[in-house]
Amino acid sequence: MSVTDTTVPTAYVRTEMLPPRAAPMQRKGALGWLRENLFSNWFNTVLTVLGIAIIWWFVSHFWPWFAHSVWSAGSLRECREIIAATWGEGASGACFAVIRERWHQYLFGFYPRAEYWRPVMTIGLMFIALAPVLFSVSATIRRRVLAGGGLLTMILMAICGVPLWSAMLMLALFGVALLLAEYAPGRLLWFTVFYPVLGVWLLWGGSLWSPMMVLAGLAAGFVVARLLAKRAPGLAPFAAIITIAIWWAFISQPLADALAGVLPLSLLHVTSREFGGFLLAIVIGVSGITMSLPLGIVLALARRSDMPLIKTFAVMFIEFIRGVPLISLLFVASTLLNYFMPPGTNFDIILRVIIMVTIFAAAYMAEVIRGGLAALPKGQYEAADSLGLDYWQAQRLIILPQALKISIPGIVGTFIGMFKDTTLVGLIGLYEPLKGISDFVRADFNWKGIYWEPFVFVGVIFFVICFSMSRYSMYLERRLSRENR
Amino acid sequence: MKTSVFLGVVAASGLIAGAGLAAEGDTLATVKSRGELLCGVNPGLVGFASPDANGNWTGFDVALCKAVAAAVLGDPTKVKYVPLTGQTRFTGLASGEVDMLSRNSTWTFSRDTDLKLDFAGVNYYDGQGFMVPKSLGVSSAKELDGATICIQTGTTTELNLADYFKANNMSYQPVNIDSNAEGEQQYMAGACDAYTTDASGLAATRAAFANPDQHVILPEIISKEPLGPMVRHGDNNWGDIVRWTLYALIAAEEYGVTSANIEELSKSSENPEVQRMLGTTDDLGAMMGLDKEWAKRAIMAGGNYGEIFAATIGEQTPIGLARGLNAQWTQGGLMYAMPFR
Numbered sequence: 001m002s003v004t005d006t007t008v009p010t011a012y013v014r015t016e017m018l019p020p021r022a023a024p025m026q027r028k029g030a031l032g033w034l035r036e037n038l039f040s041n042w043f044n045t046v047l048t049v050l051g052i053a054i055i056w057w058f059v060s061h062f063w064p065w066f067a068h069s070v071w072s073a074g075s076l077r078e079c080r081e082i083i084a085a086t087w088g089e090g091a092s093g094a095c096f097a098v099i100r101e102r103w104h105q106y107l108f109g110f111y112p113r114a115e116y117w118r119p120v121m122t123i124g125l126m127f128i129a130l131a132p133v134l135f136s137v138s139a140t141i142r143r144r145v146l147a148g149g150g151l152l153t154m155i156l157m158a159i160c161g162v163p164l165w166s167a168m169l170m171l172a173l174f175g176v177a178l179l180l181a182e183y184a185p186g187r188l189l190w191f192t193v194f195y196p197v198l199g200v201w202l203l204w205g206g207s208l209w210s211p212m213m214v215l216a217g218l219a220a221g222f223v224v225a226r227l228l229a230k231r232a233p234g235l236a237p238f239a240a241i242i243t244i245a246i247w248w249a250f251i252s253q254p255l256a257d258a259l260a261g262v263l264p265l266s267l268l269h270v271t272s273r274e275f276g277g278f279l280l281a282i283v284i285g286v287s288g289i290t291m292s293l294p295l296g297i298v299l300a301l302a303r304r305s306d307m308p309l310i311k312t313f314a315v316m317f318i319e320f321i322r323g324v325p326l327i328s329l330l331f332v333a334s335t336l337l338n339y340f341m342p343p344g345t346n347f348d349i350i351l352r353v354i355i356m357v358t359i360f361a362a363a364y365m366a367e368v369i370r371g372g373l374a375a376l377p378k379g380q381y382e383a384a385d386s387l388g389l390d391y392w393q394a395q396r397l398i399i400l401p402q403a404l405k406i407s408i409p410g411i412v413g414t415f416i417g418m419f420k421d422t423t424l425v426g427l428i429g430l431y432e433p434l435k436g437i438s439d440f441v442r443a444d445f446n447w448k449g450i451y452w453e454p455f456v457f458v459g460v461i462f463f464v465i466c467f468s469m470s471r472y473s474m475y476l477e478r479r480l481s482r483e484n485r
Numbered sequence: 001m002k003t004s005v006f007l008g009v010v011a012a013s014g015l016i017a018g019a020g021l022a023a024e025g026d027t028l029a030t031v032k033s034r035g036e037l038l039c040g041v042n043p044g045l046v047g048f049a050s051p052d053a054n055g056n057w058t059g060f061d062v063a064l065c066k067a068v069a070a071a072v073l074g075d076p077t078k079v080k081y082v083p084l085t086g087q088t089r090f091t092g093l094a095s096g097e098v099d100m101l102s103r104n105s106t107w108t109f110s111r112d113t114d115l116k117l118d119f120a121g122v123n124y125y126d127g128q129g130f131m132v133p134k135s136l137g138v139s140s141a142k143e144l145d146g147a148t149i150c151i152q153t154g155t156t157t158e159l160n161l162a163d164y165f166k167a168n169n170m171s172y173q174p175v176n177i178d179s180n181a182e183g184e185q186q187y188m189a190g191a192c193d194a195y196t197t198d199a200s201g202l203a204a205t206r207a208a209f210a211n212p213d214q215h216v217i218l219p220e221i222i223s224k225e226p227l228g229p230m231v232r233h234g235d236n237n238w239g240d241i242v243r244w245t246l247y248a249l250i251a252a253e254e255y256g257v258t259s260a261n262i263e264e265l266s267k268s269s270e271n272p273e274v275q276r277m278l279g280t281t282d283d284l285g286a287m288m289g290l291d292k293e294w295a296k297r298a299i300m301a302g303g304n305y306g307e308i309f310a311a312t313i314g315e316q317t318p319i320g321l322a323r324g325l326n327a328q329w330t331q332g333g334l335m336y337a338m339p340f341r
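For the protein sequence lines, the chains are G and P, in the order given.
In terms of the numbering used here, the first sequence has 467 at position 467, counting the first letter as 1, and numbering is strictly consecutive.
In terms of the numbering used here, the second sequence has 146 at position 146, counting the first letter as 1, and numbering is strictly consecutive.
Since the hints were derived computationally from the structure, they do not count as laboratory data.
Heads up, a few of these hints could be off.
[Unchecked claim] Derived SDA-like pairs: lysine to any residue, alpha-carbon spacing no greater than 25 Å straight-line:
#, chain 1, residue 1, chain 2, residue 2
1, P, K80, G, L434
2, P, K32, G, N338
3, P, K80, G, L337
4, P, K142, P, P174
5, P, K224, P, G314
6, P, K80, G, D348
7, P, K80, G, S207
8, P, K32, P, G285
9, P, K80, G, G206
10, P, K116, G, M341
11, P, K32, G, L268
12, P, K78, G, L268
13, P, K32, P, E293
14, P, K292, P, S268
15, P, K78, G, N338
16, P, K78, G, E274
17, P, K267, P, A286
18, P, K134, G, R77
19, P, K134, G, G88
20, P, K134, G, F445
21, P, K116, P, T91
22, P, K116, G, Y339
23, P, K78, G, T271
24, P, K142, P, T156
25, P, K78, G, G206
26, P, K32, G, G206
27, G, K311, G, F238
28, P, K80, G, H104
With the hints as constraints, model all of the structure from the sequences given.
Structure follows, in structure tokens:
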């Protein structure tokens, strides 16, 4: 006979479940959240109060300044008069009228105003060129980027007051790109290949035939390589390089001139000195980013190579470039190179800066990627070998996809740092947005004495761009993570 | 075989370099064939050089670029303005990035000799001064013993300040700043008792304050800052062109030639010097490779020296600089053009 016999009435055993009770007041709702997150113990409480005090201090100091913003005035003096008249004598206020009058110089520098459609179009086309590269797997993302890029471009075009036909053309191009992305995303990649040439032509202008001939040189090299591939495979790459060099040096210019004589397709030439503001920052930043990544990968592989010559060269290059400040490289680009080149050589200043920024970023990139390579377990390398893959196949199919995925935060960090470093070109007299443009805006007596407003404006734009890059990298990391799904 | 090819390459590169040097030596020919004057200017200095919202440059230094372009190329608009910072200005000129520098640079011994550059004259006599808030109750720079002073680094003003305080047996606390705009901020925020830079800059800064009457510029000028256009060593003809264009502007004021009456005076002036200068009688321009009317065009570009001064930095402008040392020698100033003969 057991004690748990059900027939025995036991008054102290409950026969039915109690209904769940609501959580106590201190644990639920806003109060509970506050208790848990902000005031869970005395130390957190102190931190919370301190944090609120600091935020309050900032807001209470800067809010009046923001709230008293003046957006339409002809000079700082007028701004001050309006602020004094509206909020009383001695009130402080921001004078964003300077942005309203000079915003176009912050965006484009001295780029001719009638030609603003060209840089805006270049930026719009950049989204089309990026779409297949960044998001080749997901159609949704492609759509989103194209639509977002299109919207941004249209807004920019509206703000800049571009001619109607260019807006229509852009709209049509985005339409075509959306269709292509939907039905033949592979085709879009061709546009990405030609985009650099198109972008350079749109931005700098001049005859269309010159960039075309540069492309034709590459095509000629490719044809030569193809023809020789069967007969002398070892010789093919060298022959191709020599063909390209000969084409660029001797054939391309006369041919371009001749073609321009037949059919003059040309845009107003804009010199590099006229570039400025965010146009300059984006041109340098985007070219630096796109070129430093492949260069960085090559350098990282070279540094881990078994071939002593290549390895030594890579180590020397990386350590030298990382060992000198970017500013000194920029000074070399702007002044020292002039001494070495024969007088009268016209080596474009922006091109010089892009080269310097690229090799600088590539050195950092190489170390970031080397970190990724080192983080891969040795088994991956051995697995690739045991499959009988050769070096490049192993890198392309097994090693690099994993190593690059590991390095994404570092790579994007380098990108963001490089984009912000473009403001250093102000030191060699280019009009970067942060200081270069502000300095000459302040040199106009109307705006002399303006200080914080341009910083706020430029800072906000920089933040938007850098924050988007950072969000994209986080998205990419989530998307590519194969471990914990 | 290999040696001969090598020697050939060396000879060829030598020839190319030689040809290049010859081309660099003749700036006038380079400018004429380019059809554009490359003028190095300050990236932004109130009254002296600044671009407006449409990117057109104006200012006292810019006016000289225009005058030279008018004299050499016949068109004052054919100038490409190359903004050069304090660090890049001299290398920019020496390396041939610009044809001339019109960028408020002080004429000093070492810049003239050691840097292998030539000053083509003085277009503005400046000097370093101090600005203090009225509330400080200081009326002379001699009373600034122990003061904190905002000073731009890397300029001659920094050295002048040290010299002045040492000579007067006083001490000071420097607050280093990078640019004029930053200096104003520091000064307004009370980070320093006094702000020192060129007197022209002080006047412009003070005029832009919300309440200019609460600040005073002390009477002492502690340094000589003769600012002038620069060219490279070695191309004397080009230096002459820049120098005499400047003199033409100064002489025009002295003789009463203005942009308004120049057409009339070039035909009917009784003054033989004006006749020579404007090319009515003599052909002075040919002596430096220009045509007869070079000076006439230079003056018509922006007026004579006095007109340029009045339009860009003079008392009628918000900057409100008095002529002072920059008046004609006949009015007690230092502006003295050499004779056109």
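Distance restraint between G/K311 and G/F238, which requires alpha-carbon spacing of 25 Å or less: holds (22 Å)
Pair hint P/K224 and P/G314, alpha-carbon separation not exceeding 25 Å: holds (20 Å)
25 Å Cα cutoff - pair P/K78, G/G206: holds (20 Å)
Given pair status - G/Y339, P/K116, alpha carbons within 25 Å: At roughly 14 Å apart (the allowed maximum being 25 Å), G/Y339 and P/K116 satisfy the hint.
Distance restraint between P/K32 and G/N338, which requires alpha-carbon spacing of 25 Å or less: holds (21 Å)
Restraint status (C-alpha distance of P/K80 to G/D348 at most 25 Å): holds (15 Å)
Proposed proximity, G/R77 with P/K134 (alpha carbon, max 25 Å): With Cα atoms ~21 Å apart, P/K134 and G/R77 stay inside 25 Å; holds.
Given pair status - P/A286, P/K267, alpha carbons within 25 Å: holds (20 Å)
Holds or violated: P/K80 to G/L337, with C-alpha atoms at most 25 Å apart: holds (21 Å)
Hint consistency between P/K78 and G/T271 [alpha-carbon to alpha-carbon, up to 25 Å]: Between P/K78 and G/T271 the Cα gap is close to 15 Å, so the pair holds against 25 Å.
Straight-line alpha-carbon gap P/K78 to G/E274, limit 25 Å: Given that 25 Å is the threshold and the Cα spacing comes to 15 Å, the pair holds.
Pairwise hint evaluation, G/M341 against P/K116, where the allowed Cα distance is 25 Å at most: holds (19 Å)
When each numbered hint is compared with the structure, no violation occurs for any of them.
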